[in-house]
Amino acid sequence: MRYTIDEVVDEFADHIYRAAYAYLGSGAEAQDVVSDVLMKYFSVCETLQINSKEHLKAWLLRTAINKCKDIVKSPRWKRTSELTDVHKAEFGWSERKLDVQRALDTLDEKYRAVICLYYYEEYKTEEIAQILGLPKGTVVSRLDRARKQLRIMLADYGEEMIV
Amino acid sequence: MSEIKDFFSDLSLPDEKKAELKSALKAKYPQYAENDKGTTEVFRMENNNIEINRAQAKVRSKWLTGGAVAAAAALLLVVGAGAAKYANKYNAPVASPTTDVVTSDETAADKENKNAEEKQKTMLIEFILRDEDIAGYSGTLNYRLMRENEVLSMVSIKDIEKKHTASVSFRAAGSGKQQLELYVGKNSDSRDEVHYATIEVDFDNNKYEVVNIDSEAMREFIEKDLVFMTIRLPIPDDLSGNYTAQIYKDARPIGGQAIGSADNIPDHIDLEVHGRGKETLTIRLLNEDTGEAIDNYAVFNVDYDTKTAELVGDTGYSVKESNSSVPNDDNSAKNLRTFAMPDLVGTDIELASVKYDRTLRFDIIGEYNSDYDAGVIFEQSAAVGETVSEGTRVTVKVSKGPEELSRNDLTLSVPFPEGLSGSYIIEAYCSGDVSYVQTVQDASLIAGNDLDFDISGTGRETVTIRVTAETGKYVDFATFNVDYDNVTAELVGDFRKDELLALSNS
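First to last, the sequence lines map onto chains A and B.
For what it's worth, my numbering labels the leading residue of the first sequence as 1, then goes sequentially.
For what it's worth, my numbering labels the leading residue of the second sequence as 164, then goes sequentially.
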């Protein structure tokens, strides 16, 4: 299946951005990931056997997560991540939203990606396993641990926010 | 949870960034700048949303010169598993070599029948384990896939409570449509097992469906060795009306007992419960006359091993009882009740917030603490015994668990070589036991990428990553010597890349 640049950007750029944001916690870094992933897609799309939009989305998200992993491993990232709060707060966010953001920030990267795919993209655990290249059991246990942590972090909201 | 979903929904790539990206992409890849609909012939298959345009069809037709076998293979590539079934419904407006295979209804159908008789097909059946069905069980479980009296496949999982295994995969051979039965046993004695599920398998089309799961039978089987005991539930004198006691464990109802008229109860009733190990049970009192309920009437810590049950907190129930169900009791609105501050240290925060949800308000501070498990309160701002009134805000410190999460967790990154294709079962054996099972339907998705395996344990262990093809052949792709104490994993020898690729090509 052949998709045009407009189609792919309009339909999938936000999804890639969110997954990368969830993983990296930074808007600027996430933007770079979106552009890298799409560049890669169009450079190799002739050789890919992608036959549905769902499949394409999974491929893009998987490539994005791999890209994020590389970024996190790089020495540059280790230096910048010490400056945490500087680039993470965005203007005009409500207190609740900031709390969610802070709670997500305390999670390890590997948990954030799972949370994003599960709650936002509403993938099933086996699909997340495919995208992240992880055994399903690992996804289930990561999701479980992440939810436990979030539950404690967001405990102030009590029943309003049941994780 | 919707907050998290909203959080992500609100994030988006700014429009100007999108525009920037589009123009950069179009400059570099002008061939994808716009849709060439004029030259594209799109056709659809029945029951399938797969679309193929002419450009791709042309590429494929080059491969098809090899004749019927190659054609069938290419078809599978196009639609994935299950293509054969639709082959005879498929009126493909494709020119050239494909037509002689796919448009001739009779030959395709005949071939299909013949193949079914002649050869058995092997497929992978993945069964998702349901935690709720095996919760509370520790030890080995054997999953046995049967066709009538024939065992097709068996998977044994040791120490199931310690594993993160979420599914078991079976390999089964057969043809046509068959009904297979899944049995579960606690040991190798086949008399001690239970029928758990029925799976309908369509071997020809590589499809299966779990048609029936007998959770109830499974629970009963799992619970065979449970301890039965009674717990004493105090009933205050001033309670009147017909009640039922409902027993909850982890917010799930697990039983109930009719009390009848509370006026006839002297001071307590006995509730029958069963379980194993230690459990926390919450009792909800339902007024059968009004339909109102006292949600957290009492909380018990039950220890089945010693057959003891302890009522958590002394005052909680009477406070709740009086301000809850009786509608004409408006005294409680005028005077805030006071009571002695309970000792919350050591209590799970979730439990405490449920138990005191009408009496205390908690400000929670999460801190790392290695003496208390995550989620447990380890400090409270109001002293035990201090008089507090309803609605008092109490600051509690809740443990986030020990600070260093290193807790002998480590991740093995296993690179899978480029060029890998086909479907596999990938298993990680920790000291001989399967601790992870994953089915990979399309290995080209993982080719050239790392698969991560999260493992945890203590001391030293040998972990082997085994890749099994549909044919049943397998390769022990990598072996690691893992030292959990020093959090190191050392690869023994090399990744057996060539053997794996040989498996992929055979």
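Be aware that one or more of the hints could be misleading.
[To be verified] As a list, the in silico BS3-like pairs of lysine-lysine whose alpha-carbon atoms are at most 30 Å apart:
#1 A:K148 - A:K53
#2 A:K40 - B:K180
#3 A:K110 - A:K53
#4 A:K40 - A:K148
#5 A:K57 - B:K412
#6 A:K40 - B:K412
#7 A:K73 - B:K412
#8 A:K73 - B:K180
#9 B:K168 - B:K470
#10 B:K191 - A:K53
#11 A:K53 - B:K470
Rather than coming from a laboratory, the hints here were simulated on the basis of the structure.
Since this is a predicted model, take the numbers as computed values, not measurements.
Hint check:
The straight-line distance between the Cα atoms of A:K148 and A:K53 is roughly 33 Å, outside the 30 Å bound, and the hint therefore fails. For the hint linking A:K40 to B:K180, the alpha-carbon distance of about 17 Å falls within 30 Å, and the restraint holds. Straight-line distance between C-alpha atoms of A:K110 and A:K53 comes to about 25 Å, which keeps the hinted pair within the 30 Å bound. For the suggested pair A:K40 and A:K148, the alpha carbons sit about 36 Å apart, so the restraint of at most 30 Å is broken.
Proposed proximity of A:K57 and B:K412 is contradicted: the alpha carbons are some 40 Å apart, above 30 Å. The straight-line distance between the Cα atoms of A:K40 and B:K412 is roughly 50 Å, outside the 30 Å bound, and the hint therefore fails. Between A:K73 and B:K412 the CA atoms are separated by roughly 43 Å; this puts the pair beyond 30 Å, and the hint is violated. Of the pairs offered as hints, the one joining A:K73 and B:K180 holds, with about 26 Å between alpha carbons and a cut-off of 30 Å not exceeded.
For the proposed pair B:K168 and B:K470, the alpha carbon gap of about 44 Å is over 30 Å, so the pair is violated. Under the criterion of a C-alpha separation no larger than 30 Å, the hint pairing B:K191 with A:K53 is consistent with the structure, at around 23 Å. As the CA atoms of A:K53 and B:K470 are separated by approximately 57 Å, the hinted pair breaks the 30 Å bound.
Checked against the numbered hints above, the structure violates hints 1, 4, 5, 6, 7, 9 and 11; every other hint is satisfied.
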